[in-house]
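Trainee: Protein chains in written order, with the numbering used here: chain A, 152 to 611; chain B, 33 to 596.
If you're looking for bench data, these hints aren't it; they were derived computationally from the structure. These figures come from a predicted structure and were not determined experimentally. Yeah, the Cβ is synthetic: ideal placement off N, Cα and C, and Gly gets one too. It is possible that some hints are incorrect.
Unchecked claim - Coverage of chain A stretches by chain B, computed from C-beta distances (three or more under 8 angstroms per stretch; other residues unrestricted): (1) 198-205; (2) 303-310; (3) 337-344; (4) 452-462.
Unchecked claim - Residues from chain B that keep clear of chain A, each with C-beta distances beyond 12 angstroms, as calculated: (5) 71; (6) 318; (7) 591.
One-letter residues, chain by chain:
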Amino acid sequence: MKKLNYIIAAFLVMVWMPSMGQTPKGSVLIKNATVITITQGTLEDTDILVENGIIKKIGKGLTANNVTTIDAKGKYVMPGIIDAHSHVALDAVNEATAPITSEVQMADVVDPYDIGLYRALAGGVTISHAMHGSANAIGGQNITLKHRYGTFNPEDLFMKEAPRTIKFALGENPTRVHGRGKNIQPRTRMGVEAVIRNGFNEALQYKKAWETYESALKQKGATPIPPKNDARLQTLVDILDGKVIIHCHSYRADEIYALINTCRDFGITNIVFSHVNEGFKVAPELAEYTMGASVFADWWAYKFEVYYSTAYNAAILTENGVITSINSDSGELIRHLYHEAGKTQRYGQLSDEQALALITINPAKQLGIADKVGSIEEGKQGDLVIFNDHPLSVYAIPQMTFVDGVKYFDLNEDQNDMRIRVSANEMVEPIFLKEHDHNCMHGVDFFFTNFGRNLFEHSH
Amino acid sequence: MNINTKIKLLGSFIVAVFFIAYSSVQAQSDPSGTKRVTSTYAIKNATITTSPGKTITGATILFKDGLIQAVGTNINLPAGTDVIDGDSLFIYPGFIDGASSAGVTRPSEPERPANFDSSNPSDELAGITPWRNVIDQVDMNNNAISDWRKAGFTVAHMIPDGGMISGKSAIVVFGSSSSTNILGQNTALSTRFRGSRGMYPGTPLGVMAKFRDVYKNTELSAKHQNIFASNVGLNRPEINKTYEAMYPVINKNIPVIFEVSNDLEIRRALRLQKELGFNLMLLGVTEVDKVISEIKAANATVLLALTLPEDKSKNKSEKLNEEAQGRTDRVKEAYETALKQAGMLEEAGIKFGFTTSGAKTGDLMKNIKIMIDNGLSEDAALAALTINNAQNLGIQKFAGTLEKGKLANMVITTAPLFTEDAQIKHVVADGYVFDYETKPKKAANGNKNGNGAAGVSGTWEYVSDTPAGSSGGMMTIDNSATGYEGTITYDDPAGNGKAQATMKNITVKDGKMSFTFDVSAGGMEISVSVNGDLTDDQFTGRMSLAEFGSFPLTATKKPNQSNL
Chain A
152 MKKLNYIIAA FLVMVWMPSM GQTPKGSVLI KNATVITITQ GTLEDTDILV ENGIIKKIGK
212 GLTANNVTTI DAKGKYVMPG IIDAHSHVAL DAVNEATAPI TSEVQMADVV DPYDIGLYRA
272 LAGGVTISHA MHGSANAIGG QNITLKHRYG TFNPEDLFMK EAPRTIKFAL GENPTRVHGR
332 GKNIQPRTRM GVEAVIRNGF NEALQYKKAW ETYESALKQK GATPIPPKND ARLQTLVDIL
392 DGKVIIHCHS YRADEIYALI NTCRDFGITN IVFSHVNEGF KVAPELAEYT MGASVFADWW
452 AYKFEVYYST AYNAAILTEN GVITSINSDS GELIRHLYHE AGKTQRYGQL SDEQALALIT
512 INPAKQLGIA DKVGSIEEGK QGDLVIFNDH PLSVYAIPQM TFVDGVKYFD LNEDQNDMRI
572 RVSANEMVEP IFLKEHDHNC MHGVDFFFTN FGRNLFEHSH
Chain B
33 MNINTKIKLL GSFIVAVFFI AYSSVQAQSD PSGTKRVTST YAIKNATITT SPGKTITGAT
93 ILFKDGLIQA VGTNINLPAG TDVIDGDSLF IYPGFIDGAS SAGVTRPSEP ERPANFDSSN
153 PSDELAGITP WRNVIDQVDM NNNAISDWRK AGFTVAHMIP DGGMISGKSA IVVFGSSSST
213 NILGQNTALS TRFRGSRGMY PGTPLGVMAK FRDVYKNTEL SAKHQNIFAS NVGLNRPEIN
273 KTYEAMYPVI NKNIPVIFEV SNDLEIRRAL RLQKELGFNL MLLGVTEVDK VISEIKAANA
333 TVLLALTLPE DKSKNKSEKL NEEAQGRTDR VKEAYETALK QAGMLEEAGI KFGFTTSGAK
393 TGDLMKNIKI MIDNGLSEDA ALAALTINNA QNLGIQKFAG TLEKGKLANM VITTAPLFTE
453 DAQIKHVVAD GYVFDYETKP KKAANGNKNG NGAAGVSGTW EYVSDTPAGS SGGMMTIDNS
513 ATGYEGTITY DDPAGNGKAQ ATMKNITVKD GKMSFTFDVS AGGMEISVSV NGDLTDDQFT
573 GRMSLAEFGS FPLTATKKPN QSNL
């Protein structure tokens, strides 16, 4: 047992010692693998050299001094899997108390100790999009996380180069929480649209008030009075200015199309629809006006608005030119997103590269990070997964997972207990092996009557 | 609670009227008999630790009117000094509590208005009440305060209870009940990551955002006020009591004291501080090992929790499989790390202080000794109870050490502090001397009355609930050569005031006490018998009045105060 502790300690020290001020960057040479680049085809018997966190070279017969070399003969390497909709590693999910809460930041409540991060790594996921829940028409600002598991500092997980994103939500969740739960707007789908439009209009007034103030300041001898500060409206201003990508929880085609129109009215193009079960009905519109759709492979019927669904959704969207990704929204599904992607070959006959793009380059595009991750290309970040078999095979098991060239998961060194923090107060902390509940509505139970809770047992 | 307060207020009103009525004619009299004979005291020939690491043996400390006059080995005592024999006693600076909730009650929530909007509640409903002053919430006569004084505390930083921004703290001394005892008011802004139930902000997400909002708009409000004051033709500033109460914070005149429950909450407070730039005190710090360098970089004040986890792995004797053993080992490791927190802070050079917030009086010495066994030096432990907190609270000019010119706050023990035998014999707070019963050492315990006997002597305050209402009085018990003797006062059934009777057959044995006394009412003698359970300074039992039945009676022993 001493030995086990020692190994754990050594592993953790290795991971976080270099993290003073900067996150660790590693170097590694993976040799003789089948490299699924996603964007540049599949390369047989190929080497990948990662130096200081960046993919330096892809080719044959590569050598490097003083770099850990891994012989991956007979194995497959793909880019680190990216989950565009997740709630892993968050202490709180929903500030479900107001229809617009664009001022709240998921970056404030990241929990670096969540074992879910390690489980995600074990499923080859290197990046997750930690989102606010779907209780509000306009929720909080999300945070894109790189799974640098082992640090005490939440900020070490932040993918600092990722653009800002925000959660929106349509349909039953915001109308139930606010309309039915608290008798305020929005009570209907129309109300949701009104809340969003009013928000943007107020944001325009807010922006103008500050612009007037700033320009008055420049005049000599002027003594303008500053307007009030409102981070809620300022975030909406930033959306209008194209600095923030909207990720909108949605199911029905009518309201998806309605929000597309709202965005067009306000000149917003940075929008991704999430879940979007009826997306197949508005695929051309999604292709033309949005940054795409992030869907489930085959998950539906957990509430009324999610009955009209099909497992062909991802394939139809893809064939219509929509940037499409498959997300988890769950600490369980996040462990095998490659299986979820594989389902599109049964339902829709997508090619290997199309299917794998759903969990790599496409979510990277939706998060605005496709120039840095999402494929195996020279110059991109060294986020890689080594599989024993082709990742779309039902026999595929991730062997090693790297983030920035640092190995965070190795099946052969996987310990019984990978927790970073252990409570001194509990002999056995609750460990949930199954997580079937979707997390979108995490923390909003309080607002429902028993009737509501039973009716909506599923909660995303 | 409200009714009680009203009764208390009424009571003090009557007392006040009484004094006003009599003071003009009998200005020199002392009808209550509590006025002290002198306010000049000296403790002679003691071992005095004036500050951590500085100890004088065979020394005398002289204090008058609450102020230390001299400390040393060669001191002339003025005539009329009440001299306390300090042979074999050890004197330390009185403890200072970095943050206390003793005697503080949470103000009741206001009614929700008919048009209540949970997405936009008033500041008060949302728990944002920076204008509140803890002095309005604290009852200085609360038992919790006398309990902590008995444990050695003489000064405390009182933290208001409430929501995310509950109000301003105050520094009080645990002195005479005739004084307000306030050393400083509005000393820090009390905050915590506590959302409001069913309204905005409801979670840490909302609390973080709302804190930024309040802070930034306070800055803008102050700016507006300044511009308005020095210009004409401008819109008037909207006076907002939340922002007004926040001005001392944005001007950095007072710190923000954030209650934190773990390292992630410490990081959240540090994150806000980094963005907004206020001075930060962290209250109730635990799990500090993971965030020590960040705390140091932020120059935040650390108030370490006195609470420690229990060793959950201790009683696992059965053979565990490898997986269970591994888990147990990690719990053990987490427990051991928790014990080392104080030592780690000392090693990092952080001048932390202790806070009693969330702790019980029994935790104090027990847990500090555990911390000392796990790497904390005794000097640092004493500093964390005294000089460090004086500095943390900005009162080092007049508190924290035993020097001429500082407040006469001290703890007097029977053996060196932090040793097993140390018991507190006196606490001096604001120059008032409080005496406590000390138990003889276990080995020398030949008390014929057995368990629980040592602490019975003294004055007890009792309350009994009868169908006719609550009544009460005092019991005074002495341990004489022939056994226990005592008197009890009770509400005179014949009419007004108190009557007194002799307690008979006082028996203290095996944690139980019983006695009888006779009450004469309407020419009839009623025999009353009382018996119940005794623990340290609490007695819980029943009072039987012959054929009238029996009623619950509880009594609390009062700390012995020499001269109030």
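Trainee: With a cut-off of 8 angstroms between beta carbons, are at least three residues of the stretch 198-205 of chain A near chain B?
Mentor: Three-residue rule not met by the stretch 198-205 of chain A, so violated; n is 0.
Trainee: Is the Cβ of residue 591 (chain B) farther than 12 angstroms from every Cβ of chain A?
Mentor: holds (33 angstroms)
Trainee: Count the residues of the stretch 452-462 of chain A whose CB lies closer than 8 angstroms to any CB of chain B, then report whether that count reaches three.
Mentor: violated (count 0)
Trainee: Taking 8 angstroms as the Cβ threshold, is the statement that the stretch 303-310 of chain A is covered by chain B upheld or broken by the three-residue rule?
Mentor: holds (count 3)
Trainee: Taking the shortest Cβ-to-Cβ distance between residue 318 (chain B) and chain A, state whether it exceeds 12 angstroms.
Mentor: violated (10 angstroms)
Trainee: Counting residues of the stretch 337-344 of chain A that have a beta-carbon nearer than 8 angstroms to any beta-carbon of chain B, does the count reach 3?
Mentor: With 0 residues close enough to chain B, the hint is violated.
Trainee: Taking C-beta pairs only, is residue 71 (chain B) more than 12 angstroms away from all of chain A?
Mentor: Holds: least Cβ distance 48 angstroms, greater than 12 angstroms.
The structure shown violates the earlier hints numbered 1, 3, 4, 6.
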